[in-house]
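Modelling step: build the complete structure from the supplied sequences, incorporating the hints.
Heads up: the sequence lines are chains C and U, in that order. Quick note on my numbering: the first sequence kicks off at 1 and runs consecutively. Quick note on my numbering: the second sequence kicks off at 1001 and runs consecutively.
In short, the hints are calculated from the structure, not lab data. All residues carry an ideal CB built from backbone N, CA and C; glycine is no exception. Among the clues, some could well be false.
What the hints assert, rightly or not - To give an idea of the chain U side of the interface with chain C (calculated C-beta under 10 angstroms), a few residues: (1) Ser1026; (2) Pro1031; (3) Lys1033; (4) Glu1034; (5) Leu1035; (6) Lys1061; (7) Lys1068; (8) Leu1070; (9) Phe1087.
As the list claims (entries may be wrong) - The calculated DMTMM-like cross-link candidates involving lysine to aspartate or glutamate, where the alpha carbons are at most 25 angstroms apart (straight line), are: (10) Lys197(C) - Glu169(C); (11) Lys1006(U) - Asp145(C); (12) Lys1089(U) - Asp141(C); (13) Lys1061(U) - Glu169(C); (14) Lys252(C) - Glu82(C); (15) Lys1089(U) - Glu82(C).
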Amino acid sequence: MSEVYDIIVVGGGPAGLAAGIYGSRSRLKTAILTKGKPGGQAATTQELENYPGFSRGTTGPALMESMAQHASSFGTEILREEAVELDLGGEIKLIRTRSKKEYRSRTVILAPGAEPRSLNIKGEHSLKGKGVSFCATCDADFFEDLDVVVVGNGDAAIEEAMYLTKFAETVTIIVIHDEGVLDCNKASAERAFDNPKIKWVWNSVLDEIKGDGLVESVMVKNIKTGELAEMATNGVFFFVGSVPKTDLLKGKVELDEQGYIVTNDLMETSVAGVYAAGDVRAKYLRQVITAASDGAIAAVAIEKYLVEEDSFRERVLEAPSLVMVAFWSPQNGASIEVISMLEQLASQYKDLRLVKMDTYRNQRVAGRYGIKEIPNVLFFKNGAEMARITGQCSRADVVDLINLFI
Amino acid sequence: MVELSKENFEQEVLKADGLVMVDFWSQKCEPCKELSPILDEMAERNAGKAKFCSLDITNNKRLAISQKVLGLPTIIFYQNGEMVAAFSKDISVEDVEVKLNELA
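In C-alpha cells:
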C-alpha cells in the first residue's frame, strides 16, 4: 500500500502552491500534482504587476517559479503527474494519474484552474496554431512586424495586447462596447490608449476568421449597424474569459451552472475532506492573489478538519468504553443543564465516558450525525451509534440507556 | 528526438523517406513544455514507427511559418516529405498516438 498524504492538491497554479506552503508549514504531508511545470495560467502571463509586493517588471513565470520554490522549501512535494480519475467519497481519497499511479490522501484540494474560452466562430478551430491563438507568451514571437487582432477587453485582453505590441507592428483590439469603454482596470486602459501601436475597433465583434492555411483576414461585425467589414491581419488572439477545467469532476462535487466548483468560506466543497481553490471556484474575482488566498484558507481549514477528525475517532469511535456524545451550545440553557447532569453520571460509572461537542465549533460532526436540535445525546459503543436522546433528556432516561449498553 | 534547425530541416524532414513527426515548440511556451515529456514517452513506446523530431522555433521562425505553423504547440506528421497530418494547441498525445499508428 502506498503512503497516505494529509493533503493532495490537484493543480500547481498559485492556489495549489499557496496551499502547499501553508500545508507544509503546518507539518502536514502535502503533495501537489501538476500536469506540467507549476504556475498554471499565471505562468503564461508575461505582464503581471498587481501582485502585492511585486511591482512593474515582475513576470508571471518568475513569480510562479519563486512560489514553487517557496513551497518546495517547506517540504511540499511537487509531482509532475496528471490526475485522470478521482475517487473522493471515502475517508481516504484516491487519485489515479495518467502514469497509472495511485495516490492516497486524507484530504484533497481541487485547484485545476480554468482555461481560455473559445467563441466557436467560423475559422477559429481550423486556423488554431495557424494564426489563431489563446496564448500571447507562446506565440507572440511569430508576429514580429506583422499585424494582429485581439478580441476582448478585460484585464487579460488589454495586458496581453500591450505585451504583443513589443513584437507586432500593429495590435487592433476589437471591443464590443461603445468608444472608450473597457472592462479592464483603469491603469491598463490608460496605458493602452497611450500606446501608438494599439488601434481600436468599437461596438464590434468578430464574425469569421478567413485564411487558406494561415490567417489572412477577419470579418468584423458592427453590432450597432450590423455592417460587416473585412480586415486583413496575420493573427487573432482571443481573451474572452475562461471556463473551469472541471470535466473530471462532474458528478463528484457540486458545480454551478457554468461548471465552477461551489464552496463555502472555508473552501469546503459538497464532499467532506474535499476542498477547492483558485479560478476553478465559483467566486467574484479570479486573480493570482485571490487564488493564493483560497489556497491558504483551504490548507488552514484542512488542518482544523484533520484535528477534529482525529480527535473524534480517538475519543469516540475507537474508545474502549461506552461513550456519551453530548451536543450542546453555551447559548442553550437546557443543553448546559444536561451537560452537568451527564458529567455527574459519567463520574459514577467506571466504563463510561462523556464527550462534549459544542455544535458551533464542531459543525461538521454535528452535520454528519444529523444534529438539528440541542441538547442531543448519542451513545456510542465500539464505534457504532447505539441510541440517541433528542431534546428533553431526563436523568432516568440516560441511566436506562447506560444500564442497557454498558 | 532529433533536434531540428533551419540547417538540417530539409534533409531530416522534407527529403526524408518514410514517416517523420515534428514537435514545434519554444522556451516561452509553457504548454509546449508540459507536452514534451509526455511526447517523449509516446515516442519511446513507438520507437521505430517514425522518426521523431523537435524544432525550437526561437531562431527558426521563418522556417516554422513556411510550414504554416503560426502557433505553439504544433505537431506535424510528414510522409516522404509531404505534410499528412497536423495537431495544434490543446493537443492530446493519445490522439497523436492514434494518428501515428494509422500512418505507420
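Pair hint outcome, Lys197(C) versus Glu169(C) [Cα-Cα no greater than 25 angstroms]: Holds - the C-alpha atoms of Glu169(C) and Lys197(C) are around 7 angstroms apart, at most 25 angstroms.
Interface hint for Lys1068(U), Cβ within 10 angstroms of any Cβ on chain C: holds (5 angstroms)
Hint check: 10 angstroms Cβ-Cβ cutoff, Leu1035(U) to chain C: It holds, given that the least Cβ distance between Leu1035(U) and chain C is near 8 angstroms, below 10 angstroms.
Proposed interface contact between Lys1033(U) and chain C, which counts if any beta carbon pair is under 10 angstroms: Hint on Lys1033(U): holds, closest Cβ of chain C at ~6 angstroms, below 10 angstroms.
Given hint Leu1070(U) near chain C, where the shortest CB pair must fall under 10 angstroms: Holds - the Cβ of Leu1070(U) comes within 10 angstroms of chain C, reaching about 5 angstroms at its closest.
Closest C-beta approach of Phe1087(U) to chain C relative to 10 angstroms, hint status: holds (8 angstroms)
Holds or violated: Lys252(C) to Glu82(C), with C-alpha atoms at most 25 angstroms apart: holds (18 angstroms)
Interface hint outcome for Lys1061(U) [beta carbon to chain C under 10 angstroms]: holds (6 angstroms)
Pair hint Lys1006(U) and Asp145(C), alpha-carbon separation not exceeding 25 angstroms: It holds: about 21 angstroms lies between the C-alpha atoms, which stays within 25 angstroms.
25 angstroms Cα cutoff - pair Lys1089(U), Asp141(C): holds (16 angstroms)
When the least beta-carbon distance from Glu1034(U) to chain C is tested against 10 angstroms, hint result: holds (3 angstroms)
Closest C-beta approach of Pro1031(U) to chain C relative to 10 angstroms, hint status: holds (6 angstroms)
Consistency with the previously given hints is maintained throughout, with no hint failing.
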